[in-house]
Amino acid sequence: MTVMEQRGAYRPTPPPAWQPRTDPAPLLPDPEPYRILGTEAAAKADPELLRRLYAELVRGRRYNTQATALTKQGRLAVYPSSTGQEACEVAAALALQERDWLFPSYRDTLAVVARGLDPASALTLLRGDWHTGYDPREHRIAPLSTPLATQLPHAVGLAHAARLKGDDVVALAMVGDGGTSEGDFHEALNFAAVWQAPVVFLVQNNGFAISVPLAKQTAAPSLAHKAVGYGMPGRLVDGNDAAAMHEVLSEAVTRARQGGGPTLVEAVTYRMEAHTNADDATRYRQDAEVEAWRDHDPIVLLERELTERGLLDDDAKRQVGEDAEVMAADLRARMNQDPVLDPMDLFSHVYAEQTSQLREQAAQLRAELEVASEEAGEETR
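Numbering that gives the first Met the number 0 numbers the first residue of the sequence shown as 0 and each following residue consecutively.
These are calculated hints, taken from the structure and not from any lab test.
Be a bit skeptical, because a hint or two may be false.
With a straight-line cut-off of 20 Å between C-alpha atoms, the simulated SDA-like cross-links for lysine to any residue are [stated by the list, open to error]: (1) Lys71 / Lys316; (2) Lys316 / Arg333; (3) Lys316 / Ala328; (4) Lys43 / Leu311; (5) Lys164 / Gly259; (6) Lys71 / Glu39; (7) Lys215 / Ala273; (8) Lys164 / Phe190; (9) Lys164 / Gly258; (10) Lys316 / Val299; (11) Lys71 / Arg317; (12) Lys316 / Tyr105; (13) Lys71 / Asp337; (14) Lys316 / Asp296; (15) Lys71 / Thr123; (16) Lys71 / Asp296; (17) Lys71 / Leu93; (18) Lys316 / Pro338; (19) Lys164 / Arg98; (20) Lys71 / Thr275; (21) Lys43 / Leu93; (22) Lys215 / Ser180.
Make the full structure from the sequences, and use the hints.
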């Protein structure tokens with residue numbers, strides 16, 4: 000006889016398994032992507048913020064074109080361009096405070112540059128020199144993540160730890176639509192919601208996971224709808240509307256900082272360029288589709304708004320363009336310099352204390368380098 004079967008025993012009445020723990024209605028995204036530019040809400044937008052966003056968009060577009068050119072010149076092994084997605088990138092960087100953390104994916108070099116990282120340092124990984132060309136702790140930017148979605152659980156862990164320590168820190172994690180099909184995405188959202196971690200998830204839905212269209216990845220009404228399944232708000236926003244992106248992300252960051260927990264933001268945008276310089280996008284999409292998105296270019300949208308409101312004249316546009324060219328010229332000159340590499344660095348950052356096997360391998364390489372150096376010296380005599 001079990002305790003529950005004994006006469007007079009206490010029998011608790013748990014809630015039914017189907018009883019919702021959270022009212023789902025406030026968590027659901029809007030039926031249409033949220034917009035500001037081209038609507039009445041644009042009149043209330045801060046002019047200085049709009050000018051700042053515009054300058055960063057133009058700078059970001061030039062960064063993308065210059066980095067793409069560097070791949071064709073053999074100075075970069077690969078470059079995943081974010082052309083067309085600059086509004087997402089810039090807004091993500093500007094929505095954060097200095098004390099916050101950014102967790103980028105491999106396509107988010109522009110976001111880390113907009114956050115203040117040296118433009119050349121952001122390309123170190125893609126050049127093959129180092130895994131990360133900067134100190135993550137110094138810049139509060141996690142390493143650019145090539146594996147899909149693995150940075151998301153890391154962001155949750157950091158945000159949860161900061162909350163436990165009482166630090167006023169928010170983590171913003173970026174991922175593409177393809178990354179939402181990875182297990183790390185689901186694990187990160189679940190832990191974030193259960194722990195009410197101060198983290199914001201930004202999904203840049205650019206239409207394709209390399210060559211796989213979104214419709215072949217999910218049957219959900221939108222990626223933002225996935226949020227309700229984890230117990231967090233989902234926001235659907237026009238990813239090419241820089242003002243809307245900044246507002247939605249800023250609100251999500253503020254909510255997280257105030258203890259409101261995580262938010263999932265889906266930015267509907269479009270990848271104008273190929274997946275990388277190694278991709279032939281014409282094999283899975285039509286040129287007419289790409290051209291249709293050019294009218295919704297994030298720079299065109301914001302420039303039109305600023306011009307119509309008298310907030311941007313020809314001189315200001317020219318100055319923004321010239322500043323972007325200065326950045327590009329400096330990046331080009333620095334990337335055209337051959338890096339000075341030390342082969343012994345292979346063993347410098349594997350373990351805090353080298354294992355016996357690594358010490359043996361390092362000694363072997365050191366001896367081989369010494370022999371090669373001596374042979375080279377003899378040839379030059």
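Q.
Please list, smallest to largest, the hint numbers that this structure does not respect.
A. 1, 2, 6, 11, 12, 16, 17 and 18
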